[in-house]
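Protein chains: 2
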Amino acid sequence: MSASAPRLEIVALEGVPDVSEGDDLCGIVLDAYDASGLAPEAGDILVVAQKIVSKAEGRLVDLATVSPSPRAEKLARETEKDARVIELILSEADEVVRTRPGLIVVRHRLGYVLANAGIDASNVEAGGEESVLLLPENPDRSAASLRAEIARRGGLAPAPGVIVSDSLGRAWRIGTIGTALGGAGVTALADLRGNPDMFGRPLMVSEVGLADQIASAAAIVMGEANERRPIALVRGLAAASEGARAADLIRPRELDLFG
Amino acid sequence: MSASAPRLEIVALEGVPDVSEGDDLCGIVLDAYDASGLAPEAGDILVVAQKIVSKAEGRLVDLATVSPSPRAEKLARETEKDARVIELILSEADEVVRTRPGLIVVRHRLGYVLANAGIDASNVEAGGEESVLLLPENPDRSAASLRAEIARRGGLAPAPGVIVSDSLGRAWRIGTIGTALGGAGVTALADLRGNPDMFGRPLMVSEVGLADQIASAAAIVMGEANERRPIALVRGLAAASEGARAADLIRPRELDLFG
Chain A
1 MSASAPRLEI VALEGVPDVS EGDDLCGIVL DAYDASGLAP EAGDILVVAQ KIVSKAEGRL
61 VDLATVSPSP RAEKLARETE KDARVIELIL SEADEVVRTR PGLIVVRHRL GYVLANAGID
121 ASNVEAGGEE SVLLLPENPD RSAASLRAEI ARRGGLAPAP GVIVSDSLGR AWRIGTIGTA
181 LGGAGVTALA DLRGNPDMFG RPLMVSEVGL ADQIASAAAI VMGEANERRP IALVRGLAAA
241 SEGARAADLI RPRELDLFG
Chain B
260 MSASAPRLEI VALEGVPDVS EGDDLCGIVL DAYDASGLAP EAGDILVVAQ KIVSKAEGRL
320 VDLATVSPSP RAEKLARETE KDARVIELIL SEADEVVRTR PGLIVVRHRL GYVLANAGID
380 ASNVEAGGEE SVLLLPENPD RSAASLRAEI ARRGGLAPAP GVIVSDSLGR AWRIGTIGTA
440 LGGAGVTALA DLRGNPDMFG RPLMVSEVGL ADQIASAAAI VMGEANERRP IALVRGLAAA
500 SEGARAADLI RPRELDLFG
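Residue numbers (our numbering), protein chains in the order written: chain A, 1 to 259; chain B, 260 to 518.
Incorrect hints may appear among the rest.
Claimed, not checked - Partial list, derived from the structure: chain B residues whose beta carbon lies under 8 Å from chain A:
#, residue
1, P265
2, I473
3, S475
Claimed, not checked - Derived coverage of chain A by chain B (criterion: at least 3 residues anywhere in the stretch with Cβ under 8 Å from a Cβ of chain B; other residues may be distant):
#, region
4, 7 to 15
5, 173 to 185
6, 208 to 220
What the hints assert, rightly or not - Under the rule of at most 20 Å between Cα atoms (straight-line distance), these lysine to any residue pairs were calculated in the SDA-like manner:
#, chain 1, residue 1, chain 2, residue 2
7, B, K340, A, L255
8, A, K81, B, L514
9, A, K74, A, L63
10, B, K340, B, R330
11, A, K81, A, D120
12, B, K340, B, V325
13, A, K81, B, S465
14, B, K340, A, K81
15, A, K81, B, L516
16, B, K340, B, R412
17, B, K340, A, L257
18, B, K340, B, P329
Worth flagging that the hints you see were computed from the coordinates, not collected in a lab.
All C-beta atoms, glycine included, are put in the ideal place defined by N, C-alpha and C.
One chain only, chain A, in its complex shape:
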């Protein structure tokens, strides 16, 4: 397309293998660049699915090892879910926000409000049907460490942005959308307060969830089902920010009117 207009390119990297505990994610990212006929460039943003980060970090749990508490047993009956999964959800949650049959929405220990504490039973191999995958222990930290390693081993300066993404539901809309659970080197929340609008008035829509928008854009090419495309590369965006962390996108409990 035209070279002059503001433009973004988003590509799903190819050649990403199944990921298991202890795998070298940085090596997988750099190999995926290669397999896609691309080389790392300054300004690159990599969006990496939570799922492969969690697998590499060993967050797979064999349900046979889980003993549900009485509270989990009760909640399992109410929600018609596996009590062992509920036990894990509770262990990952600070608070149960809403339940109904088939659904449990919690406030995760890291602040995210989401279904099932982000625990996923799809696309999880090792251990067969009886394993589930927890979110990374600290997605901002995972993003920061992957970022530093890609910069070092990929010879990339400045370092790329990295977002650890997941597909989350919304309170009032149907369908999941790509969301930034963790991030490093990418502006998470773009604060436009004080910027004038086109007619010189202070802008009313003043904070933009930029990293979430990037995660949603990446989710379009990553897909959800049986495509092996858990890494997307975003180019063309000047969104580098050293201090950025996706935790900034979480609405604090005291400002939450809907929890």
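Guided by the hints, dock chain B onto chain A, whose structure is given.
What follows is chain B alone, placed relative to chain A:
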């Protein structure tokens, strides 16, 4: 970038003028292609900011013409907002969902749950500081009619996808993100239920808010402040769907646990 990998290009079209009531939006879109050195192509998706659709449709309201009801006056005191704006918010809303000083969240008559019923006082000219802009009367209809006209006058077959987007807040996360208020010719909700995951199990994350993800991707290049970039072109996505409408993305009242 590599031609082989799944890839999306998103560009903000150039040369979009200020829009006023009665303006020819289709002509503006086709001129913006030209100004950006581009020609319409089969498979194009156009994301058009709600703001210019509303302006073209004459949804600007002069606040001097609004007489607040006692209910609006009371709510204005509670929320510390202009009673005339509150009157318009109430006229656009089916239900007030939450209020606090500085904030009023409603269920819009079209089902969207959002702050201020989507009424915007920034980037609104004509009438000066005393005018505000309502959402289009029916964004799905606006998208469908713009789509048909672009297809006809732009000689584009099949017709492009069109999304009418806005930046909306979220219950549990800070920052607005691009969201599809209306759409035509683009799959709004991608239903993956029944699709197997990589290991053959039914996929758990099963409905994806695709049109919202596209609107978020577009919002990255459109910007929020004083850039005149209210139209984005998305290429590379096979998301055409004749029956699609963004209303499908609205969680029905009876399934809303948080309203």
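Now the hints, each set against the structure:
no.: 1; hint: P265; result: 4 Å, holds
no.: 2; hint: I473; result: 7 Å, holds
no.: 3; hint: S475; result: 4 Å, holds
no.: 4; hint: 7 to 15; result: holds (count 8)
no.: 5; hint: 173 to 185; result: holds (count 7)
no.: 6; hint: 208 to 220; result: holds (count 10)
no.: 7; hint: B/K340 to A/L255; result: 19 Å, holds
no.: 8; hint: A/K81 to B/L514; result: 19 Å, holds
no.: 9; hint: A/K74 to A/L63; result: 18 Å, holds
no.: 10; hint: B/K340 to B/R330; result: 13 Å, holds
no.: 11; hint: A/K81 to A/D120; result: 13 Å, holds
no.: 12; hint: B/K340 to B/V325; result: 14 Å, holds
no.: 13; hint: A/K81 to B/S465; result: 17 Å, holds
no.: 14; hint: B/K340 to A/K81; result: 45 Å, violated
no.: 15; hint: A/K81 to B/L516; result: 19 Å, holds
no.: 16; hint: B/K340 to B/R412; result: 44 Å, violated
no.: 17; hint: B/K340 to A/L257; result: 19 Å, holds
no.: 18; hint: B/K340 to B/P329; result: 14 Å, holds
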